[in-house]
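**Q** Here's the letter readout for the chains.
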Amino acid sequence: NAGVTQTPKFQVLKTGQSMTLQCAQDMNHEYMSWYRQDPGMGLRLIHYSVGAGITDQGEVPNGYNVSRSTTEDFPLRLLSAAPSQTSVYFCASMGGGYGYTFGSGTRLTVV
Amino acid sequence: KNQVEQSPQSLIILEGKNCTLQCNYTVSPFSNLRWYKQDTGRGPVSLTIMTFSENTKSNGRYTATLDADTKQSSLHITASQLSDSASYICVVSNQAGTALIFGKGTTLSVSS
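Residue numbers (the working numbering), protein chains in the order written: chain A, 1 to 111; chain B, 1001 to 1112.
Hints listed in this document are in silico derivations from the structure and should not be mistaken for laboratory results. Each residue gets a CB set at the ideal place from its N, CA and C atoms; glycine is no exception. One or more of the hints may lead you astray.
Derived contacts from chain B toward chain A, CB cut-off under 10 angstroms, selection only [to be verified]:
id : residue
1  : Val1004
2  : Gln1006
3  : Tyr1036
4  : Ile1101
Kindly produce the complete structure, drawing on both the sequences and the hints.
**A** Below you can see the structure in the form of structure tokens.
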């Protein structure tokens, strides 16, 4: 039982490049979400999904796309990377009892 | 505006000492409050979750308290260990667990 798995752990992009951050969970959780964590700020919600085929925007969705074709996977796409998207990204899933499980994070640098 | 404020921003204590971290929130309606521990370079890990009706909850050497009337919570760490060095994040939910407001965290350093 791996929990929430994020890949890659580190990534450097050039401005304008696109990429996909992968997130997979094996706990059969319906709810999944993406956060970004910046120095001096709390985690901020980018996008979330309450089940396969259903996604919605969070607090800071601009510049990011998501899709949820399966219960297990919730990839986050950066369409055209900008330096302002340099951050640490966390994927999380939630099951019963309000318990959140976070992945180990992806540290993204956009130059 | 829904907000979660934590204090202090950072704290340094000696190994074996106790400490208390504070969390004040202005989230309404309130569903539950969580404390997370985040080690450097890792994702947050849940320590405690408390609903409106709970006043205290323990997890080993960690004890969280909640006063829903004053909208305050605290996390007490007993007999600190070097491995307690981490960021402690207070998180409040204003719905059935899916809308979370994160505090900025308290960075705790335990030295020998």
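**Q** What are the numbers of the hints the structure violates, in ascending order?
**A** none
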